[in-house]
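A.B. asks: Single-letter residue listing:
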Amino acid sequence: MTDEKNHLSNKLGIWGWLGGGRYGLERYAYTLHRLTGLGLLLYFILHIFVTGSRLGGPESWSASMAVYETGLFKIGEFLVFVAFIYHGLNGIRLGLTELGFLMGKPERPLFPYRSSVMRQRPVLIVIMVLAVILILAGGLDFFVLTSH
Amino acid sequence: MRESTLWFWHIIAGAVILVFLGLHMAIMHLDDILALLGTGYANTVSAATVFARSQQTFFMVTYIVLLGAALYHGLYGCRTILFELNIGKGLQKLINWVFTLAGVGLFVYGTYVAIYLYKMKEVLP
Amino acid sequence: MSESHANAPQKVIFEVLRYIPGVDAKPRMQSYEVPAPKGLTVLDGLLWIKENLDPTLSWRSSCRMGVCGSCAMFINGLPRLACANQVAHLHSDKIIIKPLPNYAIIRDLVPDLEPFFAKHAAIKPFLIRKNIEELDNPTGEFFQSKEELVNYIQFAYCIKCGACLSACPTVATDDAYLGPQALAQAWRYIADARDEGAAEREEEIFSAHGAFRCHFAGACSEVCPKGVDPAFAIQLMKQFMFKKKLGGCKEQHGSELAPPVENWVPKKEYPKAPEHSL
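Residue numbers (this note's numbering), protein chains in the order written: chain A, 1 to 148; chain B, 1 to 125; chain C, 1 to 278.
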């Protein structure tokens, strides 16, 4: 697509959100944060209406919960749990960096440069490990220890 | 409203969600593990326990706080994504209005449910 | 194997995006075989192609030493300076070169940087003082300590190569987003102890297409060839706004004029400055 000056557009568009180069972990953490966020919002709006079924009394609630106990819904609910764990933990990291923590102080740039992104990377890794542990605990609860 | 104000509350709402949704998720989905640890909170989605919780002031209040924070945080986040799609000024305005109305509507509905259940005393023996 | 054969430079393939407006309907990739002696930079390779194989190949470059910021290109999956990257360090016998993404292509590897400079200009990249009289008719220097210098010096190293906007996911879709370069430059001035322009820049940099559209994907800082770290500057900017919302930011007061230097004795080893010739 060319513009009036006969220049060819080279915008990456939404593909640019997904990647498009050999970038570091944070750029893919960003993509995943976005996807899990949208998924959680969608689920949350449905959830407001599903829990609204309590207005119909305990029978109506039990009926809507019975649907959730079936296989596909259970996996869906587990995915929501996974999305929350990731979005929440990564959100802690983003909140802290947005408030200026974890990245050190401005300094004279001396080659080889070490950017703020590298300085906060250990936190990202710790958070990913924590996410895996919590997701495994959730999986145990969802699929192995099934009291409900 | 100013973008900086909207963003400020996005961060605050995120922190609120972290606390209350963390609690919610632990109670609802790590219930069996917590029960093993001796908290006595098993079987959390049965009608009996759900309605019992609905009538506790603590759960009613946190439910409403979580509802408001999550709606705000989620809708602002979604708006951010839409605003990054190179849309025109008119569409930006429309999104602002639709999201505000949807957010307020859902909040009113959810709050109504919470308060209705809280006041419904004789639902279970 | 004979002696001369062993010393002959290795060959690498340069696969370069070609697009000539009016001739090519779509961009195409063209391959060139380039001898790669030790120390060959990507820019050297392109110059060799232009000299020996194809004079129609176009790109932008000037200083050859990572200072001017003209030759940023998308080389083997990352935006980098062609002059500051040696072929040997790319660890590949195929060098794939495309123009910087997120900018329109003028021809071959030449990106259109006009919107980039327009964004840079929009954040007022100069010291703003309330007392204009002093700026027009200066009577001295504004004071700045060594510590105050370090607050912004890293952000002042920007060479405007445009690599950061190529790496940024928000820029990929949002034309109105100021982008890491302009925002980092805005912070370079706000963090400067001599500046009083924070309030004046706020409307632009904290707009719906300003600092809050950064989500710390960090790619800009990763690709910056000068260690400017734009993502860091933008996070500091958000911290500044958050503190302000909490009521913790005082009004900005630029530093006073530095007092004249008194009793200064030049060191013996320094030669005397020449007399004015005009």
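These aren't lab readings, by the way, just hints derived from the structure by calculation. All values derive from a computational prediction rather than experimental measurement. Quick reminder that beta carbons are idealized off the backbone N, C-alpha and C, glycines included. Wrong hints could be hidden among the right ones.
[To be verified] Short, incomplete list of chain C residues facing chain B, as computed with Cβ under 7 Å:
(1) I20
(2) T170
(3) T173
(4) E203
(5) E204
(6) F206
(7) S207
(8) A208
(9) F212
(10) K245
A.B. asks: Of the numbered hints stated earlier in the document, which are not met by this structure?
C.D. replies: 1, 4 and 5
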